[in-house]
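Here is what each chain is made of, one letter per residue.
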Amino acid sequence: MTLLWIPLLSLFGSIISSMTGKLTRNQATGLTMLMPIIALCMTISLAPAVFSGEVIRDTFSWIPLLGIDIAFRLDGLALLFVFMILGIGILVIFYARYYLSNNDSMPKLYAYLMLFMTAMLGLVMSNNIIQLWFFWELTSISSFLLISYWWHKPEARKGAIMALTVTGGGGLALLAGLLLLGNIVGSYNLDVILASKEIIQAHDWYEVTLILILLGAFTKSAQFPFHFWLPHAMAAPTPVSAYLHSATMVKAGIFLLARFYPALAGTDIWFIIVSLTGLATLLFGAYVALFKHDLKGLLAYSTISHLGLITLLFGLDTKLAAVAAIFHIINHAIFKASLFMATGIIDHETGTRDMRKLNGMWKFMPYTATLAMVAAASMAGVPLLNGFLSKEMFFTETLDQQLLGSMSWLIPILATVAGALAVAYSARFIHDVFFNGDPVDLPKQPSEAPRYMRVPIEILVALCLLVGIFPGIVIDDILKAASFAVLGGYVPEFEVALWHGFNLPLLMSGIAVAGGLLLYTQRRYLFQFQASLPTLDAKYVFDASINAITKWCQVQVNVIENGSLQRYLMLIFVVVLLFAGWPLFEMNQLSGQKQLTPIDVHNAMGAALLMVGAISTVIWYRSRVVSLLMLSVVGLMVSVAFTRFSAPDLALTQLTVEVVTIILLMLALFFLPQHSPKESSSVRVVRDVGISAALGIVVASICYALITRPLESISDFFLANAKTGGGGTNVVNVILVDFRGFDTLGEICVLGIAALGIYKLLVNLPLLMPTSDSEGRPWAKERYPLLLASISQSLLPLALMVSFYIFLRGHNLPGGGFIAGLVTAVAFILQYIAHGSDWIAERLTINYRKIIASGIAIALFTGVGSWFFERPFMTTWFDYFDIPFIGEIELASALIFDVGVYITVVGATLMILASLGRLTVNAQKEEVNV
Amino acid sequence: MELLYASCVGLLVSCGVFLILRARTFTVVLGLTMLSYAVNLFLFSSGRLSLNQAAVLGYSSEYADPLPQALVLTAIVIGFAMTAFVVILAIRGRSDLGSDHVDGELPDKNKKVKV
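In order, the protein sequences belong to chains A and B.
In this text, residue positions in the first sequence follow our numbering: the first is 1, and each later residue adds one.
In this text, residue positions in the second sequence follow our numbering: the first is 1, and each later residue adds one.
Accuracy of the hints is not assured; some may be wrong.
[Said to hold, decoys possible] Where chain B lies over chain A, by a calculated footprint (3+ residues, C-beta under 8 angstroms):
1. 624 to 633
2. 684 to 691
3. 703 to 712
Honestly, the hints are just simulated from the structure, not real lab data.
Quick reminder that beta carbons are idealized off the backbone N, C-alpha and C, glycines included.
Using the sequences plus the hints, can you model the full thing?
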């Protein structure tokens, strides 16, 4: 249970912090920090077990059929990331309390931050790769919200969109890769996948899978050439940058490399792609960082460069490269988070981040300056600081690899060049900001930051020193545990120590520092050279390609979607025709093995009537009343067909629905023209006849093929259990109210919704009322014929009795709630027709909406009722009772359910027709008044 | 008889589709109704055709397949609800848009022809 709580607590934190709007800043911050602190304590309590080599797992079944579980696992690697996410997260929350101005919404930032934290925690602890991908996407979405926190700034919106587009695109590639991976292994479970290295790497799809997964990792970790979103994401508030771009978001890609290292790494293609991408990113980022005037821009490119370094290490084929990579993940997170926070302070206190204006800050904020200088020195790789140690390990590994064959010596040289560049930009960060003369027209008079704003930086800088000086004590356990997880169960012998003696890596460090300082002092020439180069911002390329894609899509949409529904329908039918017709050509024989039944006279006559009705409907479709009457012939014959072919329930339903439908359409004709104009061109008529004839032939063929083949049905179960399990002999009804009762519940809901929709559509209907029919004959004024009125009135109790009878016998003989409801509705509609709705309204005050609601409620609560007897939803109950004078009768809870169906059908049908019918009365009254 | 049945279903589909492809809402509603007859008959026939074998226990020795019947029964009722909804939508559309053309307005070329 514990593992699930870690992301869950953070999710609770997100919800809680979104509701802290009324609290003071300190209260809100305290509340927000509470949940991650609890989660951190839980993680610490789990740490000893993980250090001893245990993997803690927690699994909840979710969609077992698809192999998708909610599964968490905590091994060394996950533990390391959980520590970073929670630890730095807590510091960032604390820091943000001082960073945000009074105009910024604190609950909003905290809620997004905590949501992001949840996503990261879920990501690193996932034991199911589909779940992993879900959290991966959640990090993209929540980082989008965080980057666009200052949504009123265009660059924040643009930066957020760019980050989402690039990382979201990568996420899709990752999904494809993970699905392939799951397919290769036959499981989405991470444990299984990590143990299947041989199967994966021997598979034909290995290369494709690897490239897709790497695409996901590289876009997220801003590797060249996908790096361009990261600098633009700096439009986010600085606490967000400190969190996302040091320890979490961009490290997610690195995490992915580490996570799948045991399963995917070890092949040439892995080494080549990963190391060369990392190398290119390392050099490119370090070089560009030197020329950024914006402090956060410098840090952004430095982050890109360091991510490249880690990626390069994962791509090296030496045994300690992965360990060095993990070590640098930790160190980079620590010093980069503190540098971002220091930048935030400088920005906060001076109002600018431009290094051309920021000079001599040492005088104004010596304390912050000291902290920032220590962190920057760590970034440069100065001894006694953590950055030095991992950089030293990095240099050692570059000397050890055989990546480029005989040209492998290039890599240590390039690594030293990158190291020199890192020293140079770190020197620039220190010297330009804190020394180098006096500030140039700052927006604000600088001063030292608030006392507590510096606390998070102090903690992080202290960590830089502790790790740098006592690496064996501070970092050994977690580093070994994480390496154990990444290397798949063994840890090579290594010792992280400050002093390894005079050796080649130390010389490389020395050259890097000296070279970097030289570069910095001679930067004037470099800047001049850089200025002479053409500038190419990836942003313009990105914008241009996005615009081009949008434009292309717009053109396509305009072509396909021209606004004519008639055309869409035609296209839909053509597509249906193609897809339904195609398989017919691949069938050998249309008719099946079933014995055909002979045609008798009754059937032939019925079919003839039906055909005549259908064709007449089409022929006379312009005079709508005639057409409608012909249609009713078809409906009647359909109901006769149901009678003939052993479906009495269907026949009864069809008959009653037919009556109601025709009345409805008659009513509708009052509001619509009685004639259709002739407007289709002959070409179009020919085309439509062609399409419809073809479709008819296809459907007839399918139907024929279907019914001439022997039946394999699951219905034997229903036939066998209808009486014993459902307590009724009318199997159709038992299926409706018992076996498939849940479907029926859904269906009466649809019925109710349709009726409500119609009610709303008819409210405030602007009346477009003809005073006469289309031939100019005025509508009759004597609306309610006496004969009909008197007969219908006496018919009502009779009809109700019939419907009651049909309802009661429904469980055992043809009938039931649907049919009885329709019969009742028809009886009432007859009253409406004979007397008008005013007459009814005087005698019967019914709110049909309430009737529908109560019908659905009865059906629903019958279903819920079975819970009280500790049975699943909608279990029916029945028994036989001996009642004096009546004899033995059967009572079933399904009957109550059927009452619900009955009431809903009555309510919905009456509501539909009465709403429309009432409108005709209103219309005619208005006419009289005029 | 199977052939006759299938032909009837096919004819209903053809007539229904032809009506649906017309330009006026009411005709489209008629077409939809016709098409739903065809669909119901088609679905019903997936239980095969049988005479005098209603699925009421104790009234015959063999029974027609009750499952398609149950499905079609609700389909008929819902089909009515949907027809009703569409026809009311057509009325509403006509009074809001001033035309009962399915596209909501008359195509330009026909404007002179039709009043």
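Count the residues of the stretch 624 to 633 of chain A whose Cβ falls closer than 8 angstroms to any Cβ of chain B, and tell me whether that reaches three.
holds (count 4)
Apply the coverage criterion to the stretch 703 to 712 of chain A and chain B: a residue qualifies when its Cβ sits closer than 8 angstroms to a Cβ of the chain, and three qualifying residues are needed.
Contact hint for the stretch 703 to 712 of chain A vs chain B: holds, 6 residues under 8 angstroms.
Has the stretch 684 to 691 of chain A got at least three residues whose CB is nearer than 8 angstroms to a CB belonging to chain B?
Answer holds; 3 residues pass the 8 angstroms Cβ test.
Consistency with the previously given hints is maintained throughout, with no hint failing.
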